[in-house]
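Asker: Produce the complete structure using the sequences and hints provided.
Protein chains in written order, with the UniProt record's numbering: chain F, 1 to 250; chain S, 1 to 306.
Hints in this document: simulated from the structure, not taken from any laboratory.
You may find that some hints are simply not true.
Capping the alpha-carbon separation at 20 angstroms, the derived lysine to aspartate or glutamate pairs in DMTMM-like fashion look like this [claimed, not checked]:
1) 140(S) to 82(F)
2) 246(S) to 269(S)
3) 109(S) to 82(F)
4) 246(S) to 274(S)
Label-pair restraints from in silico Cβ distances [to be verified]:
5) 133(S) to 192(F): 45 to 53 angstroms
6) 83(F) to 255(S): 41 to 49 angstroms
7) 8(S) to 16(F): 45 to 53 angstroms
8) 211(S) to 249(F): 51 to 59 angstroms
Cβ-to-Cβ under 10 angstroms is the rule here; a few derived chain S residues that face chain F [what the hints assert, rightly or not]:
9) 92
10) 102
11) 267
The beta carbon of each residue, even a glycine, is placed where N, CA and C say it ideally should be.
If you want the building blocks of each chain, they are given just below.
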Amino acid sequence: MTWYVLEYHLVSYRRVWRASLLSSFVLPLLTMLGFGVGVGAYVTGGVGGVPYLDWMVPGLLASTAMQIAIGDSSWPVLGGFEWQRTYFGQAAAPLRVADILGGNLLFVVFRTLTGSAAFLLTALAFGTLHSWWALAALPIAALVGLSVAAPTFAYAATIRSDSYLAILFRLGVIPMSLFSGVFFPVESLPPPARWLAYASPLWHGADLTRSATLGTAPSWSAPGHLLYLTLWAATGWYLAHRQFTRRLVV
Amino acid sequence: MSLIHARGLVKRFGDFTAVDGIDVDVARGEAFGFLGPNGAGKSSTMRMIGCVSPPTGGVLRILDRDPRREGPAIRARLGVCPQLDNLDLELTVRENLTTYARFFGLPRKVARRRADELLDFVQLTERADSRVEPLSGGMKRRLTIARALVNEPEIVLLDEPTTGLDPQARHLVWERLFRLKQQGVTLVLTTHYMDEAEQLCDRLVVMDGGRIVAEGSPRALIERHSTREVVELRFEAESQEAFAGKLAGVGERLEILPDRILLYVADGDAAVAEVQARALPPASVLVRRSSLEDVFLHLTGRTLVD
Numbered sequence: 001m002t003w004y005v006l007e008y009h010l011v012s013y014r015r016v017w018r019a020s021l022l023s024s025f026v027l028p029l030l031t032m033l034g035f036g037v038g039v040g041a042y043v044t045g046g047v048g049g050v051p052y053l054d055w056m057v058p059g060l061l062a063s064t065a066m067q068i069a070i071g072d073s074s075w076p077v078l079g080g081f082e083w084q085r086t087y088f089g090q091a092a093a094p095l096r097v098a099d100i101l102g103g104n105l106l107f108v109v110f111r112t113l114t115g116s117a118a119f120l121l122t123a124l125a126f127g128t129l130h131s132w133w134a135l136a137a138l139p140i141a142a143l144v145g146l147s148v149a150a151p152t153f154a155y156a157a158t159i160r161s162d163s164y165l166a167i168l169f170r171l172g173v174i175p176m177s178l179f180s181g182v183f184f185p186v187e188s189l190p191p192p193a194r195w196l197a198y199a200s201p202l203w204h205g206a207d208l209t210r211s212a213t214l215g216t217a218p219s220w221s222a223p224g225h226l227l228y229l230t231l232w233a234a235t236g237w238y239l240a241h242r243q244f245t246r247r248l249v250v
Numbered sequence: 001m002s003l004i005h006a007r008g009l010v011k012r013f014g015d016f017t018a019v020d021g022i023d024v025d026v027a028r029g030e031a032f033g034f035l036g037p038n039g040a041g042k043s044s045t046m047r048m049i050g051c052v053s054p055p056t057g058g059v060l061r062i063l064d065r066d067p068r069r070e071g072p073a074i075r076a077r078l079g080v081c082p083q084l085d086n087l088d089l090e091l092t093v094r095e096n097l098t099t100y101a102r103f104f105g106l107p108r109k110v111a112r113r114r115a116d117e118l119l120d121f122v123q124l125t126e127r128a129d130s131r132v133e134p135l136s137g138g139m140k141r142r143l144t145i146a147r148a149l150v151n152e153p154e155i156v157l158l159d160e161p162t163t164g165l166d167p168q169a170r171h172l173v174w175e176r177l178f179r180l181k182q183q184g185v186t187l188v189l190t191t192h193y194m195d196e197a198e199q200l201c202d203r204l205v206v207m208d209g210g211r212i213v214a215e216g217s218p219r220a221l222i223e224r225h226s227t228r229e230v231v232e233l234r235f236e237a238e239s240q241e242a243f244a245g246k247l248a249g250v251g252e253r254l255e256i257l258p259d260r261i262l263l264y265v266a267d268g269d270a271a272v273a274e275v276q277a278r279a280l281p282p283a284s285v286l287v288r289r290s291s292l293e294d295v296f297l298h299l300t301g302r303t304l305v306d
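Answerer: In structure tokens:
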């Protein structure tokens, strides 16, 4: 049943996939040129013995995975309850809440994966991948996507207006993108801010992705990273399931 | 065996009791209506029958199954046309049907064939490949009804199926629903249009404040709760009330509205003669048969609920 819900989202996506694919290449291309080549020219020493571009690309890959995942689980989920009300139509069919939620989350993972794959190809073209381990960046991106998408589903199913989504982006997504070890190592942050960075799922995703594309050891335990991201995903699933049930079965 | 069987069915939201102990039985092939003003508990009842709202108390069996435990299995055999359309506006008309059919586990080929048949049934074949967004309200409603039929349901639930439609669109919807009824599909609908109820329902209940206040066929309800005819009198005066006192004893019941007086009588012409005999010439007189609307207003009052 979950597959039928995924299938529905894919049919819906078929309408826009060309434009979507194009933009998933454009974004990494621009950022790589702007940040990596442009800013990187000033960072002559590199970071930890690696050229700045090569160091930054995996962080940006994880950050992109996060942004795709949150983008696809914020407005679309709010709209599914408040505007188009499509979830209510699905709930009237023989689907369970877990199917409705699971199928939609699988679609978000699919979007995260395709976007990340485009990013990885661009990164390859710029010669920033140092190891075959770079392939592991894809499942990591999927996990990063799930770890942020599931809680965002819960949040988007709770709010009634999209002005609350602006809060999510200003207080959550943007600070996370800036201070989670994507553009500079979190060790440069003052200690209290550093702990906030450690708490964010993006830092764990960025660190793991970096160790994959550079073929080096992560700065924290790899199983620890995976476990932490899984914890975010599982807690998010629990909250989202509860919230979806509250809205759909009343 | 009744397809829908409720005894003492209750739905509460916190302190608010939306449905306050109702008994309902709907037989196979019947067209059954829930009538009532806004807030009467119709939609809450429909959602419980649709297995998306667990009852707070009482007995509810749908297709001889328990909606609390067998929701998906029951929903697989229901068709639901909700009060507010929840179509996917980005998808085409046909895709809305085929993707929905997949939720019921229909193979793709069957889904496509069923979609084409249903588009023909609701006269949307020409719009099959257009997006839903630009469609008119009537077209969207017909598409929602078609979507409710993709799984060849045994019971179709329609929550205010024609609210907000123009007269042409309403009549087309009624005609399609009537055809479904002829095919033996069990229809359960809510409405506050009396003409809709008279047109479609074999049997109906009037709900008010979460309770059932009357039950029967449209004809029987009129016989039981109203007179055979109604005389509408309009007097040329500031207030109609001045004349009301002088009409005492004419007919069974009298109702004063700001612009006219209604006399509920067995014989309209006799009542008009009596009024004229009392030397009360009204500015206008209309004798008509009692309608379900008279029953409805009598039972649920003229005061606005919300």
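Asker: Would you mind marking each hint as holding or not holding in the structure?
Answerer: Comparing the hints with the structure gives:
no., hint, result
1, 140(S) to 82(F), "18 angstroms, holds"
2, 246(S) to 269(S), "18 angstroms, holds"
3, 109(S) to 82(F), "32 angstroms, violated"
4, 246(S) to 274(S), "11 angstroms, holds"
5, 133(S) to 192(F): 45 to 53 angstroms, "49 angstroms, holds"
6, 83(F) to 255(S): 41 to 49 angstroms, "43 angstroms, holds"
7, 8(S) to 16(F): 45 to 53 angstroms, "51 angstroms, holds"
8, 211(S) to 249(F): 51 to 59 angstroms, "24 angstroms, violated"
9, 92, "9 angstroms, holds"
10, 102, "4 angstroms, holds"
11, 267, "49 angstroms, violated"
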